[in-house]
Structures are given as structure tokens and as C-alpha cells.
Amino acid sequence: MTRTPITHHLNDALLMSYSAGTLPEAFNLTVATHISMCDDCRARLGAFDSVGGALIEGCESVAMGTDSLAATLNRIRAAPVSAPLTQNANTVPTSRVPAPLRDYIGDDLNAVRWRSVGMGVKQAILTTSRDATARLLYIPAGAAVPDHGHRGTELTLVLQGAFCDEVDRFGPGDIEVADEDLTHTPVADIGLDCICLAATDAPLRFRGLMPRIAQPFLRI
Amino acid sequence: MLDNAAIQHDTALSPVIVTRAKTTMRTAELTGKRAGSIEVRTTRDQENTDWVACIIAIRDTQDEAAFARLFGHFAPRVKAFLMRSGTDATMAEECTQEVMATLWQKAHLFDPTRASAATWIFTIARNRKIDALRKQKRPEPEDLPWGQDPEPDQADTLVLQQETAQLGAAIAALPDKQRDLIEKAYFGDLTHSEIADETGLPLGTIKSRIRLALDRLRHAMK
Chain A
5 MTRTPITHHL NDALLMSYSA GTLPEAFNLT VATHISMCDD CRARLGAFDS VGGALIEGCE
65 SVAMGTDSLA ATLNRIRAAP VSAPLTQNAN TVPTSRVPAP LRDYIGDDLN AVRWRSVGMG
125 VKQAILTTSR DATARLLYIP AGAAVPDHGH RGTELTLVLQ GAFCDEVDRF GPGDIEVADE
185 DLTHTPVADI GLDCICLAAT DAPLRFRGLM PRIAQPFLRI
Chain B
45 MLDNAAIQHD TALSPVIVTR AKTTMRTAEL TGKRAGSIEV RTTRDQENTD WVACIIAIRD
105 TQDEAAFARL FGHFAPRVKA FLMRSGTDAT MAEECTQEVM ATLWQKAHLF DPTRASAATW
165 IFTIARNRKI DALRKQKRPE PEDLPWGQDP EPDQADTLVL QQETAQLGAA IAALPDKQRD
225 LIEKAYFGDL THSEIADETG LPLGTIKSRI RLALDRLRHA MK
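Chains A and B, in that order, are what the protein sequence lines are.
Everything in the first sequence is counted per this note's numbering, starting at 5 for the first residue and increasing by one.
Everything in the second sequence is counted per this note's numbering, starting at 45 for the first residue and increasing by one.
Certain hints may be false.
Between beta-carbon pairs, the in silico distance windows are [as the list claims (entries may be wrong)]:
#1 B:Glu-108 with A:Leu-196: 55 to 61 Å
#2 A:Ala-128 with B:Leu-177: 25 to 31 Å
#3 B:Glu-108 with A:Arg-100: 44 to 50 Å
#4 B:Leu-245 with A:Arg-119: 38 to 44 Å
Just so you know, these hints were derived from the structure itself, not from any lab.
Here the structure is a predicted model, which means the values were calculated and not measured.
Cβ atoms here follow ideal geometry from the backbone N, Cα and C, with glycine treated the same way.
I would like the entire structure built from these sequences, with the hints used as guidance.
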């Protein structure tokens with residue numbers, strides 16, 4: 005399978021926050037899924053992790069308790085000895101669903117339980133911590149997601165198909181980082197239904213009247 | 045369109061740190077940079093390489109003396125990191141012991157061509173912190189399909205440890221105001237907006253200081 009190059013990446017702020025561990029779970033999931041598809045961002049994450057390593061190396065220290073080394077060795081001895089896991093033990097190479105997302109939806113995009121949000125668009129909300137929301141969006145080929153703005157940040161990662169909005173075209177693996185300044189109308193490419201993973205830290209803000217009324221009920 | 049996106053990516057993001065991290069990845073068997081960059085080894089390189097040897101000794105021979113050395117150096121730092129993130133001393137002590145035990149248990153997963161000992165320990169401590177403070181799971185990227193080599197390449201390992209030392213020096217050389225914010229971003233368990241609340245600085249100032257700091261680090265890693 006040939007992969008089209010990914011042209012839309014994570015920004016520094018998101019990578020740094022992911023490395024520091026300060027993002028809500030829904031954002032961590034979306035970032036980790038993009039990195040699973042994007043070697044470029046994986047390398048950049050490595051650099052941010054090494055900043056964390058350098059800070060640990062350079063920081064002041066707090067003395068450990070007197071018996072803590074012995075206590076730690078006891079912990080190690082008490083732990084059940086398991087056969088070392090190989091790194092890829094639990095990955096299914098044939099799956100189209102990247103590993104971080106597989107933990108939430110299984111390995112089949114066709115088995116997702118979609119709920120209609122109108123105009124052919126469907127969504128499935130994933131179970132994450134409540135400080136942000138992760139959802140899968142299903143946009144039929146050629147269809148549009150209603151015009152909307154955001155109060156906070158919205159990440160949209162394309163898993164299948166492609167969409168265009170006022171900013172650009174986004175294909176498989178591409179991630180769009182939208183902040184409150186962006187009001188956009190994503191339209192799926194003709195030819196293939198588009199499936200995205202989206203994370204939001206505040207409800208979307210639709211411009212038309214109807215969606216705004218529907219919003220609290222649909223958790224859009 | 046493609047060009048446009050590529051340019052946007054390069055300027056907004058991190059050409060140099062990217063290059064740096066890529067030397068640690070086997071996909072990017074990059075350029076002649078590697079051969080040229082094996083130079084005089086500094087004390088810090090030597091130290092980094094020693095920590096790597098300790099982890100390998102734990103992996104291969106369950107070497108408790110090697111573990112004791114790592115513990116003496118890193119456990120007090122991990123504890124300080126956890127306490128700065130908001131855990132009390134008792135919990136930080138407990139979590140640090142768990143972090144160090146995880147190091148032992150996962151020693152076979154450590155890849156010194158991709159991370160220094162300090163970086164690897166940082167990622168274990170960070171994940172423990174998220175688990176302890178927020179009771180959240182932490183989705184991690186899928187492992188690279190080619191996995192890891194049983195025996196990491198010596199030259200790759202050496203380059204990575206040197207670059208780590210270089211990065212440490214560059215961070216130490218940052219202006220105080222910038223280093224302070226980078227530390228808060230990593231150690232405080234604070235989002236950039238929470239840092240704004242805590243410091244009283246406008247969010248824009250925080251973002252631009254962090255950006256300046258990253259620019260300096262990239263410059264230093266050239």
C-alpha cells in the first residue's frame with residue numbers, strides 16, 4: 005500500500021504538552037494516533053522527550069527515604085516474573101486502526117456504533133476523561149459537516165478518505181489544529197467516505213440556529 | 045498546495061530538533077552528519093554512556109549494583125520531579141520506587157539509540173505521574189513496525205548520548221525567564237493557560253517565551 009505523504013502535522017505546543025503529560029486524555033489519544041501514522045512527528049516528539057530528560061538530569065534532587073533502595077529491590081523481587089514482552093506483542097499489523105485508537109474502538113472501523121447527527125454525518129463519542137471529548141466522525145463522500153467554530157481547540161485527524169475546508173485539503177494521517185479563530189466547513193472528498201478522529205476541549209459552535217439547539221442533546 | 049504546507053511546517057516547526065531526533069531513528073539513516081559528529085567525549089557523554097551500560101547490565105545480568113548506581117543518581121531527581129508536579133513527599137517516594145522498579149522490569153525495552161537513560165526515565169516518571177495525579181490512562185503511539193534491534197548500534201548510541209549532553213548544556217544556558225517557563229511546562233503539571241494564571245503573565249508572553257526558548261535550543265543543536 006502506498007502512503008500519501010502527511011502534510012499537516014502537530015505544532016510544537018501540542019507536542020510539548022503531550023511530552024510533558026499535561027493534555028486531557030482525548031487530546032493524548034488524538035496526538036498518539038497521529039504520531040503512530042507520522043514518523044516526522046514521532047521524531048519531533050523524541051526531541052521534546054529529551055528536553056524532559058535533560059530537565060530531570062539538571063534538576064535539584066530530593067533525598068529518598070533511608071531504606072528506599074532495599075524497598076525497591078523488594079518490590080522488584082516480589083513482582084511476578086513474566087516473559088519479557090516483545091515490543092510488538094499486541095499489535096495487529098493488518099489492522100487499519102492505529103494501536104492507541106484500537107484500545108478504544110477495537111480493530112474494525114466498520115464495527116463502530118455510529119449515531120446520526122444529521123445531513124448524513126455520523127459520530128461515535130469515545131469514553132475518555134471528561135475534561136475534553138474525543139469522537140469519531142463519519143462524513144459521507146461529498147457531504148459537509150455543518151459550518152462551525154470552536155471555543156477551545158479542536159484537533160481533527162483523518163483516518164480514511166479526505167476532507168477540504170477553508171484552510172486546505174486533509175488526507176489520511178493529516179491533522180488539522182483549529183482554534184477559536186477558525187470557523188470552517190469540512191467537506192468530504194468525492195469517492196470515499198471520510199472518517200476522522202476529533203478531539204475538542206469545548207463544545208463546537210455552530211453558526212446556524214438548528215444545530216445550536218441540537219447541540220446539547222447530541223454532544224457535538 | 046503541497047509546497048505551501050511544507051513551508052508552513054518547516055517554519056512553524058522544528059527543522060533542527062527534527063534532524064536531531066531523526067538521527068536516533070533507524071528510518072533516517074541520515075546524511076554524513078553522523079560520522080563527523082563523533083568527536084571528543086565530554087564527562088557528561090561519558091556519564092550518559094555509563095547509565096546506558098547500567099541499564100544493559102540490569103537487562104542482561106540483573107545486576108543489582110548497576111541498579112543501585114542508577115537509583116542513587118535518578119531516584120532523588122524523579123522524586124523532585126514528582127513533588128514539583130504536586131504530589132506530597134510520601135506519594136512521591138512511593139511513586140519513585142515504582143518508577144525505578146519499572147525501569148528494572150522494562151530494561152529489555154530500552155533502546156539507547158532512541159533515548160538517553162534520563163529521557164527514558166523521564167517518560168516512565170511522566171506516565172506514572174499522569175496515572176497517580178489524574179487517574180487517566182495515557183494513550184501511547186504505536187511502536188515502530190520494525191521494532192528494535194537486539195544489539196543497538198554503538199555509533200548511534202554514542203551520537204545520541206552526545207546530543208543529549210549538548211541539549212542539557214543548551215537548556216542550562218537559556219535565559220532564566222525562558223528556562224523557568226520550560227521547567228514549569230514540564231514539571232508543574234500545568235497547561236500554558238494555568239501557567240498564565242499562576243505567574244500572572246499574559247498567555248501570549250508565555251507562548252512567545254517558550255517559542256524563543258525552543259528556537260535557541262534548535263540553534264544550539266545545529
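Results of checking the hints against the structure:
1. B:Glu-108 with A:Leu-196: 55 to 61 Å: holds (57 Å)
2. A:Ala-128 with B:Leu-177: 25 to 31 Å: At roughly 29 Å between Cβ atoms, Leu-177 (chain B) and Ala-128 (chain A) fall inside 25 to 31 Å, so the hint holds.
3. B:Glu-108 with A:Arg-100: 44 to 50 Å: holds (45 Å)
4. B:Leu-245 with A:Arg-119: 38 to 44 Å: Given about 43 Å between the Cβ atoms, the range holds.
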